[in-house]
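Colleague: Sequence:
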Amino acid sequence: MRIKMSKRKGMEESDRLTRIAIVNADKCKPKRCRQECKKSCPVVRMGKLCIEVLPNSKIASISEELCIGCGICVKVSELKTT
Numbered sequence: 001m002r003i004k005m006s007k008r009k010g011m012e013e014s015d016r017l018t019r020i021a022i023v024n025a026d027k028c029k030p031k032r033c034r035q036e037c038k039k040s041c042p043v044v045r046m047g048k049l050c051i052e053v054l055p056n057s058k059i060a061s062i063s064e065e066l067c068i069g070c071g072i073c074v075k076v077s078e079l080k081t082t
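Numbering (the numbering used here), first residue to last: 1 to 82.
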C-alpha cells in the first residue's frame, strides 16, 4: 500500500486534495495475511467499510470516499511485507 493525493469532487478548492491509500497488487495477498491493514484502520474500527476484503478478491479494496489518509494501514502492511 501507499498514500496518494486525490482530488475530490464537490468540495471547496482548499479541501479537495486528500490523501488516500492505494493498494499495491504485487504485495497485497489477503489470503496469506492476517489483514492487519483492515484491523488497524480507524475508519473500519468505527464500523464503516473503508477497507474490504471479499472472499473471491485477490487484493483488498479501499473506499476513496471513506479513507481519511492517516497512513496506518500502509505502515502495518509494510511491516508485514518487508
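Keep in mind that the hints were calculated from the coordinates and are not lab data. Some hints could be false.
Pairs of lysine-lysine residues, derived as DSBU-like cross-links and limited to a Cα-Cα distance of at most 35 Å, are as follows [what the hints assert, rightly or not]: (1) Lys58 to Lys48; (2) Lys48 to Lys31; (3) Lys58 to Lys31.
Colleague: Hints first: check each against the structure and report whether it holds.
Modeller: Consistency of the hints with the structure:
{"no.": "1", "hint": "Lys58 to Lys48", "verdict": "holds, 21 Å"}
{"no.": "2", "hint": "Lys48 to Lys31", "verdict": "holds, 21 Å"}
{"no.": "3", "hint": "Lys58 to Lys31", "verdict": "holds, 8 Å"}
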